[in-house]
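Protein chains in written order, with the numbering used here: chain A, 36 to 657; chain B, 908 to 1002.
These are computed hints drawn from the structure, not numbers from a lab. Treat the hints with care, since some could be wrong.
Once the Cα atoms are required to be at most 25 Å apart in a straight line, the calculated SDA-like pairs of lysine to any residue come out as [claimed, not checked]:
(1) 986(B) <-> 937(B)
(2) 954(B) <-> 266(A)
(3) 914(B) <-> 602(A)
Coverage of chain A stretches by chain B, computed from C-beta distances (three or more under 8 Å per stretch; other residues unrestricted) [as the list claims (entries may be wrong)]:
(4) 156-166
(5) 261-274
(6) 284-298
(7) 500-506
C-beta atoms are modelled at their ideal positions from N, C-alpha and C, and glycine is treated no differently.
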Amino acid sequence: MAKNFPYGGYMGQLLRVNLSNRGISKEDLRKDWARDFVGGVGLTARILYEEIPPKIDPLGPENKLVMMTGPVNGTMIPAASRSSFCAKSPYTRSFFHSIFGGFLGPELKFAGYDGLIIEGRADKPVYLWIDDDRIEIRDASHLWGKDPFTTQDILRSEIGDEEIHIATIGLAGEEKAPYAMILCDIRAAGRGGMGAVMGSKNLKAIAVRGTGSVSVPNMLRVYNTAVRINELFATTPAVQGLSGYGTPRNVAAMNEGGILPTRNWQTETFKGMKNITGEVMREQVVKGDRACFACSINCTKYSVVPKGPYKSVINGADYETIYAFGSICEVDNLEVLCKADELCDHYGIDLISTGVSIGWAMECYEKGIFTKKDTDGIDLRFGNADGMLQVIEKIGKREGLGELLAKGTRDAAKIVGKGTDRFAIQNKGLEWPGHTCRPFPAAAVGYATGPRGGSHHDIRPTAEKSGLVDRKTLEGKGALAAEVNHWLILGDSMLVCHLAEPIWGPLKISDSMINVLNAVTGWELNYEQARKIAEREWNIIRCFSAREGFTREDDQLPIRFMEEPVPEGPMQGSYIPKETLERLKDDYFTYRGWDLKTGNPTREKLSELGLDFAVKDIGKGN
Amino acid sequence: MARVKVKSFSVIRDVLGSEVVEIDVRKPETVGELFEELVRRYGQPFKEKIWDPNSGQMAPFLIKLNESIISSTLDIDHKIKNGDEIAIIFPIGGG
Ligand code: SF4
């Protein structure tokens, strides 16, 4: 076990870098916080609750960007490769966690740190070089303006080590574009503008080399647990298919079920689906498979379009690429989708927010709200593939229409007016991923109350989408949403990958998840204890939002989902009217022990969870 | 005996060999019997794509029966008839 740290899996140390005064310090990880919040997102929420005052400018030097690992990262447990970037988001204006896979998280642990806290703002562009215990803040003026992959190439060559792992921003992050992302080797911390926070600190990149290892109390127990989890991955039907087809394995099935969001969510069936499925992708462009650290699922595809106007090389496409640029914009050309994916990485922008913002603009054009004057001369009809690619470039460069769309649909709709908010597919400012809630009440209340808004990692529609529970009833859906929140947040704190959902969930925290946590840390948590940690984590994040001024009123769905039933297909007629959503919220808040009027945790609930310090912050009404 | 068309995707399609196959379902002509027949015809490779060995149950997934949606967990005794079209809405899950 790490020196002076009683629990397995931890390095016992955080690295703090203040870019304003170039201060670098190593500090002990608090044992009580590790025990109460585990790591990753839960632990970061506790740290940022303590360290960031309310109402600060997310792009100001007071904001902090935290990269945090979990105890399971860097061990042999599969699908435990992930890591989180968290900060107050310039996009959703509250606590945000953006999770990524790959190798960077384990590498930071091998260098000796559970997490990295970045504060202040450098007076000129810099990058951070973490080489075990040697830390340097280095000049990055030669990297400024470069795209993420070029930046990574330059750093690997100038540091002289091909094996280092690197987080970088692109042009969008440098420009503090609201939905700029951080590219971590080939994986993205895509959502919520974490790249803008990094850019606001004049921090171009973080390069890490670690040569240590992670200690656990009983290696044989961890080994046996890893073997068992690998067996489950290999034999669980819902995990199979990820290796062969990646996340797009479900495109055709979702379309058949009438739940493939299409034409900016005007409908949920896409006629051009046949050309953009996981099967077609495998046949036409996939050249190889890639895995994250210690993962046997290897869901990431490496794809190449060798020539022609859409020539591109990407790690993808993922389901969300196919959704955001394919069915949402009605583009049924896989090569174009690969190019769209490549452009988003090139500029460093979140592809979900990009695609959904373009879908919104296409609908503005379709309705005559936009003319060619507004679109820089582009005939921005649904299905115009080249037009879509041109607009991605404009968003990346923040030129013309791109300047408006780079703000995201919430702010763009406010500027344009004319009822365009009715088809801005966001809540809390975050554009939606490709997983509907219109036929699924637990998913609806989960999305509405989730801290990030349009994130399918605060709630999973899978239980209702697979028929594991009856999707038609409202009964018990508040409880289901809360228990799904719990396995997700505990997973984001251990930092295991949600794609292994049937193993970690899917209805509540599973025995497998608790076994992994116990094996690595040496804790012997039972279900109730694990659940309480997750509940504490969910509540501290809610308190962060409440302290920023968020209330029950902010727990909404995109207007379209509350007013427009699915017009066709097997889910025809499904939607979540406002009254239904309010009823679901009552059910959810009651189950959680939150105040029905404000939607905030009550004094009693906070006290029960050991969060008494937050009582003073979250307003009256409790 | 009911002759039905079964449509599937991804790894299940790979086992059935084609996106649509025709299957004769014996009495009782139910969704459950259809899956039994698929197991008889396609054997273990099909079974392991659908049955969860850890629970011993069929995995949860939706089934499109003509234009309506039913599920593998709640509607296994649902009747089917000659000419029905059935799609296995699986695998499904997040990105
Ligand atoms: S399932 Fe895919 S994304 Fe998740 S850890 Fe494994 S390879 Fe990475």
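Results for each hint:
Under the criterion of a C-alpha separation no larger than 25 Å, the hint pairing residue 986(B) with residue 937(B) is consistent with the structure, at around 4 Å. The hinted pair formed by residue 954(B) and residue 266(A) meets the criterion: a straight-line CA distance of about 16 Å does not exceed 25 Å. Among the hinted pairs, residue 914(B) with residue 602(A) is consistent with the structure: their alpha-carbon atoms are about 23 Å apart, no more than 25 Å. Using a Cβ-Cβ cut-off of 8 Å, 0 residues of the stretch 156-166 of chain A lie near chain B, which falls short of the minimum of three, so the contact claim is violated.
Given a C-beta distance limit of less than 8 Å, the hint that chain B covers the stretch 261-274 of chain A holds, as 5 residues qualify and 3 suffice. Coverage of the stretch 284-298 of chain A by chain B holds in this model, with 8 residues showing a Cβ closer than 8 Å to a Cβ of that chain against a need of three. Counting residues of the stretch 500-506 of chain A whose beta carbon lies closer than 8 Å to any beta carbon of chain B gives 5, which reaches the threshold of three, so the coverage claim holds.
The structure shown violates just one earlier hint, number 4.
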